[in-house]
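Starting from the known structure of chain A, fit chain B onto it as the hints suggest.
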Amino acid sequence: MAHTEEFIDVRGAKVQLMKAGTGAPLLFLHGAGGIAWMPFFDRLSRDFTVYVPAHPGFALSEGLDKIDSIFDLVFHYVDFLDVLGLDRPNIVGLSLGGWLAAELAVHQGSRVNKLVLIDAVGLRVEGAPPIPDIFMPGVAALRKLVYLDPEGDLALATMPDMPTPAMIEARLNARAASARVGWNPYFNDPRLRERLYRIKAPTLIVWGEKDILVSPEYGKAYAAGIKGSKMVTIKNSAHVPPAEQPDETARVVADFLKS
Amino acid sequence: MQFHAFHLMPWPYLPDDFDDLNKYPSSWVTFSNSNYDPVKGHQLYNRYLDELEYAEELGFDGICVNEHHQNSYGTMPAPNLMAAALARRTKRVKLLILGNGLPLRDHPLRIAEEVAMLDVISGGRMISGFVRGIGCEYYSMGINPTHSRERFFEAHDLIIKAWTQPGPWEHQGKHYNLRYVNVWPRPFQQPHPPIWIPGFGSKETVDWCAHPDRKYPYLATFMPESAVKMFFNWYRAAANSHGYEAPASQLGHLIPIYVGDTDAEAKRDAAGHVEWLFHKGLRHSWEMLFPPGYTSTPSMARLYAAAETLDWNRLNFDGMNEVGLCVVGSPQTVLRKLIHSIRTLGYGLLLPLLHIGDMPHDRTVRSMERFAREIMPALKAEFKDAPTIAHSEPVQAGK
Numbered sequence: 574m575a576h577t578e579e580f581i582d583v584r585g586a587k588v589q590l591m592k593a594g595t596g597a598p599l600l601f602l603h604g605a606g607g608i609a610w611m612p613f614f615d616r617l618s619r620d621f622t623v624y625v626p627a628h629p630g631f632a633l634s635e636g637l638d639k640i641d642s643i644f645d646l647v648f649h650y651v652d653f654l655d656v657l658g659l660d661r662p663n664i665v666g667l668s669l670g671g672w673l674a675a676e677l678a679v680h681q682g683s684r685v686n687k688l689v690l691i692d693a694v695g696l697r698v699e700g701a702p703p704i705p706d707i708f709m710p711g712v713a714a715l716r717k718l719v720y721l722d723p724e725g726d727l728a729l730a731t732m733p734d735m736p737t738p739a740m741i742e743a744r745l746n747a748r749a750a751s752a753r754v755g756w757n758p759y760f761n762d763p764r765l766r767e768r769l770y771r772i773k774a775p776t777l778i779v780w781g782e783k784d785i786l787v788s789p790e791y792g793k794a795y796a797a798g799i800k801g802s803k804m805v806t807i808k809n810s811a812h813v814p815p816a817e818q819p820d821e822t823a824r825v826v827a828d829f830l831k832s
Numbered sequence: 023m024q025f026h027a028f029h030l031m032p033w034p035y036l037p038d039d040f041d042d043l044n045k046y047p048s049s050w051v052t053f054s055n056s057n058y059d060p061v062k063g064h065q066l067y068n069r070y071l072d073e074l075e076y077a078e079e080l081g082f083d084g085i086c087v088n089e090h091h092q093n094s095y096g097t098m099p100a101p102n103l104m105a106a107a108l109a110r111r112t113k114r115v116k117l118l119i120l121g122n123g124l125p126l127r128d129h130p131l132r133i134a135e136e137v138a139m140l141d142v143i144s145g146g147r148m149i150s151g152f153v154r155g156i157g158c159e160y161y162s163m164g165i166n167p168t169h170s171r172e173r174f175f176e177a178h179d180l181i182i183k184a185w186t187q188p189g190p191w192e193h194q195g196k197h198y199n200l201r202y203v204n205v206w207p208r209p210f211q212q213p214h215p216p217i218w219i220p221g222f223g224s225k226e227t228v229d230w231c232a233h234p235d236r237k238y239p240y241l242a243t244f245m246p247e248s249a250v251k252m253f254f255n256w257y258r259a260a261a262n263s264h265g266y267e268a269p270a271s272q273l274g275h276l277i278p279i280y281v282g283d284t285d286a287e288a289k290r291d292a293a294g295h296v297e298w299l300f301h302k303g304l305r306h307s308w309e310m311l312f313p314p315g316y317t318s319t320p321s322m323a324r325l326y327a328a329a330e331t332l333d334w335n336r337l338n339f340d341g342m343n344e345v346g347l348c349v350v351g352s353p354q355t356v357l358r359k360l361i362h363s364i365r366t367l368g369y370g371l372l373l374p375l376l377h378i379g380d381m382p383h384d385r386t387v388r389s390m391e392r393f394a395r396e397i398m399p400a401l402k403a404e405f406k407d408a409p410t411i412a413h414s415e416p417v418q419a420g421k
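From first to last, the protein sequence lines stand for chains A and B.
Letter by letter, the first sequence follows residues 574 to 832 of my numbering.
Letter by letter, the second sequence follows residues 23 to 421 of my numbering.
Everything labelled a hint here was simulated from the structure, so no lab data went into it.
These figures come from a predicted structure and were not determined experimentally.
Any given hint could turn out to be false.
As the list claims (entries may be wrong) - Below, a list of computed lysine-lysine pairs in the PhoX-like style, where the Cα atoms sit at most 20 Å apart: (1) A:Lys808 with A:Lys773; (2) B:Lys251 with B:Lys237; (3) A:Lys793 with A:Lys803; (4) A:Lys773 with A:Lys831; (5) A:Lys717 with B:Lys45; (6) B:Lys225 with A:Lys639.
Isolated chain A, as found in the complex (with noise of 0.2 Å):
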């Protein structure tokens, strides 16, 4: 299924934005490696109108001299919403972009109608594996932390040993602009816990089983802070289930938020 590419204005910031499909509005939120189309876009787009925008200073998207943190965000989120008309979209985060979406419902629930957190970074949680760091490795030992296969051709294909000249100014720019939220403290707000209490929105929370970047027992926890939520873990899937399974993944997302 084709997808359209465009630009659009954020109060001046060039956004970049994939699009397909029809029916509800979706917005996916992408996490710190970047972003590229992926056949669970196409899957979801079945059933929804999906938006997947890059943000601002990942890919062609401008705009991260206004960032300086999760919340600035949060309120591009907010004008980006307005610019294209979307009131109460379901919203899809994946990672950093499920950070993301869990402070988007905590301080605008009142934008967000479904919410669906996907290995998403953003607790802080006092016992659990601590989240490695993802800027110090190489690009071998990344794929690893990322993927459940790291030599598989999903991952090499993503993660190349030898990167296109196009390839290292993405991961570059993309680096540069999770670092802008997520340096320090790293990829999580302290106060997030104790806000999740907020969150109204249904939500689903999803996993990979064998994620080791981000151990299910952030979703665990996810789960135990927002009220009514259920966590489903995807196997065979370690930090990118949409990448790595995205049928399964895509039809778990789409019962809940058809449901």
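Same frame as chain A, now just chain B:
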């Protein structure tokens, strides 16, 4: 010509199996401080300070300390403390801090205060270097590297203003907000101590130094000669674009130098220490050296593509010697090479690193003595009139 003795104060007592790169991928950030022995450290700090103090006796113009964190390459996380120790034990030499890592501190006024205190105590002998710190420090100190540049500039402007504009006044910035800026003491030197900028990789910094508002000396640090030439050409081109010729006194060369009695003896005595410096002292991955956003994406992409050429491990001593990463030889050889280098590159500030890597005290002192007695006077005589290289050919940015 000015001569300023540089020191890193390295930790030389590495584990026997330190050559195992899998076990010890880095001597920075993650190399455990369980490898530091404070009893040996006590001897070492005092020995290193003795070496710097001896440089005054030998007639050097200045002695230099610097800031690095959590590593075995240089154990001076607080350079102002070292300068304080030296301020009371020396009488004449300039004291160079090369430099304070401005973005790494949460309070620029603390730097303004400490350097002003040092300047007053030393009777105006301070030369205040400012740096961003190398990439590794951002991992060690938890400072967001994507803010490195803007914190550097904001802190710099704040410190200079704090030294020169009578307080109290208010500062409202992005990274620092201060209702009352009113630094006591004021620096001894007026309007403020000279600012020198050590650098190792960015053209933006060169352009900023050369600006007529600043005219800060730029110190090319541990670079092969071809790179030094490129950076100095950038500096001269920037000065020229502002309508002035950059004098040699605004260009500095910071380089390991060992003077032996003969070439063969010098190589025998220094080669291992030079290799220690570049292979063990500067052991860090590309990702460590260039944390996210530390420089612009185009600069970083260039550096990423050149990662292999930046890997010092591919060069042994002979290779380093050949590209001009060090100067090692008999007094005659060192003198000949330096005269050639000063003539070709046109700098007026030479900052020799005379203690190199894990070099023992006696060897260090002998090399310092040979340098002071046989090299310094000869170079001062040779370049009584500062070498000038007029900016002639256009230099292309990014080349």
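Evaluation of the provided hints:
1. The suggested pairing of Lys808 of chain A with Lys773 of chain A is violated, with an alpha-carbon distance near 28 Å, which exceeds 20 Å.
2. With a C-alpha separation of about 18 Å, the suggested pair Lys251 of chain B and Lys237 of chain B falls inside the 20 Å cut-off, and the hint holds.
3. Distance restraint check for Lys793 of chain A and Lys803 of chain A: the Cα-Cα separation of roughly 9 Å lies within the 20 Å cut-off, and the hinted pair is therefore satisfied.
4. Distance check on the hinted pair: Lys773 of chain A and Lys831 of chain A sit about 17 Å apart at the alpha-carbon level, within 20 Å; holds.
5. For a cut-off of 20 Å, the pair hint linking Lys717 of chain A to Lys45 of chain B stands: about 19 Å separates their Cα positions.
6. A distance of roughly 25 Å separates the Cα atoms of Lys225 of chain B and Lys639 of chain A; the hinted pair therefore is violated under the 20 Å criterion.
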